[in-house]
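There are 2 protein chains.
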Amino acid sequence: MEYTAINLHDKFAKFSDHFVPRIIARMNNYHFKLVKSEGDFVWHSHAETDETFMIIKGKLTIEFRDGAVDLEAGEMFVIPKGVEHKPFAEKECHVLLIEPAGTINTGDAGGELTADDTLWI
Amino acid sequence: MEYTAINLHDKFAKFSDHFVPRIIARMNNYHFKLVKSEGDFVWHSHAETDETFMIIKGKLTIEFRDGAVDLEAGEMFVIPKGVEHKPFAEKECHVLLIEPAGTINTGDAGGELTADDTLWI
Numbered sequence: 008m009e010y011t012a013i014n015l016h017d018k019f020a021k022f023s024d025h026f027v028p029r030i031i032a033r034m035n036n037y038h039f040k041l042v043k044s045e046g047d048f049v050w051h052s053h054a055e056t057d058e059t060f061m062i063i064k065g066k067l068t069i070e071f072r073d074g075a076v077d078l079e080a081g082e083m084f085v086i087p088k089g090v091e092h093k094p095f096a097e098k099e100c101h102v103l104l105i106e107p108a109g110t111i112n113t114g115d116a117g118g119e120l121t122a123d124d125t126l127w128i
Numbered sequence: 008m009e010y011t012a013i014n015l016h017d018k019f020a021k022f023s024d025h026f027v028p029r030i031i032a033r034m035n036n037y038h039f040k041l042v043k044s045e046g047d048f049v050w051h052s053h054a055e056t057d058e059t060f061m062i063i064k065g066k067l068t069i070e071f072r073d074g075a076v077d078l079e080a081g082e083m084f085v086i087p088k089g090v091e092h093k094p095f096a097e098k099e100c101h102v103l104l105i106e107p108a109g110t111i112n113t114g115d116a117g118g119e120l121t122a123d124d125t126l127w128i
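For the record, the sequence lines run as chains A and B. 8 is the number of the first residue of the first sequence in the working numbering; add one for each residue after it. 8 is the number of the first residue of the second sequence in the working numbering; add one for each residue after it.
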């Protein structure tokens with residue numbers, strides 16, 4: 008049978024818009040998603056689940072109501088469920104998200120940055 | 008509050024043995040684990056769960072009964088549950104594993120390479 012590696016950089020090269028996650032793999036009921044972030048995302052939280060951010064390229068700051076964490080390539084952070092957060096990237100940042108299938112990017116906040124959660128690439 | 012990034016390279020620098028996964032983060036009931044692989048691991052499968060391999064440094068081949076996949080840094084692969092596989096690395100390879108907490112490294116096979124599944128670093 009043919010088994011194919013999933014190459015993150017090749018997948019990132021296939022899209023250029025910001026804040027629109029693309030699914031690249033499924034593990035049980037979890038999705039691995041790639042997203043390019045630049046500028047401010049919206050404050051939001053996910054009531055039902057933790058959410059993992061892994062930085063593949065660039066830098067991302069995740070702000071919390073009582074602090075912040077600065078992440079760069081090779082670093083990760085797990086946002087606990089229910090915790091409000093706001094990602095910010097001064098320059099374009101390539102992020103791998105790991106979270107349950109069906110997790111909406113804007114969580115409880117909704118709004119115009121809400122993306123389709125079923126987009127594969 | 009103090010929020011701290013998890014730096015994969017810093018975590019890898021804290022141990023040197025092979026085939027002994029270290030937990031670095033938890034997301035819901037899943038663990039992120041680092042492992043250094045070199046040489047042949049054992050044929051095994053996980054009856055209850057998929058398992059994600061992400062290569063951080065080096066190269067890893069995952070053999071299946073009917074094929075194989077070659078992975079290098081920046082690539083990932085999800086082993087479907089129940090599928091027999093055998094990782095092999097000619098030189099030391101740094102791997103990030105993502106799988107449910109309690110997943111045993113040797114799966115159904117057991118044997119002397121079976122590692123503690125509760126080791127944090």
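Simulated from the structure, these hints should not be mistaken for lab results. Heads up, some of the hints might be wrong.
Identical copies look the same in the list; a pair holds intra-copy or inter-copy alike.
Pairs of lysine-lysine, DSS-like flavour, derived with a Cα cap of 30 angstroms [as the list claims (entries may be wrong)]:
id, residue 1, residue 2
1, LYS64, LYS18
2, LYS66, LYS88
3, LYS98, LYS88
4, LYS88, LYS18
5, LYS66, LYS93
6, LYS66, LYS18
7, LYS93, LYS18
8, LYS64, LYS21
9, LYS98, LYS64
Verification of the hints:
1. LYS64 x LYS18: both (13 angstroms within a copy, 19 angstroms between copies)
2. LYS66 x LYS88: Within. Shortest intra-copy distance 23 angstroms satisfies the 30 angstroms Cα cut-off; inter-copy 34 angstroms does not.
3. LYS98 x LYS88: Answer is within; shortest intra-copy Cα gap is 27 angstroms, inter-copy 39 angstroms.
4. LYS88 x LYS18: both (28 angstroms within a copy, 24 angstroms between copies)
5. LYS66 x LYS93: within (14 angstroms within a copy, 35 angstroms between copies)
6. LYS66 x LYS18: For LYS66 and LYS18, both the intra-copy (19 angstroms) and inter-copy (19 angstroms) Cα distances are at most 30 angstroms.
7. LYS93 x LYS18: both (25 angstroms within a copy, 26 angstroms between copies)
8. LYS64 x LYS21: Answer is both: 15 angstroms inside a copy and 24 angstroms across each meet the 30 angstroms cutoff.
9. LYS98 x LYS64: Classified as both; 10 angstroms inside a copy, 26 angstroms across copies.
The structure is consistent with each of the numbered hints, conforming to all of them.
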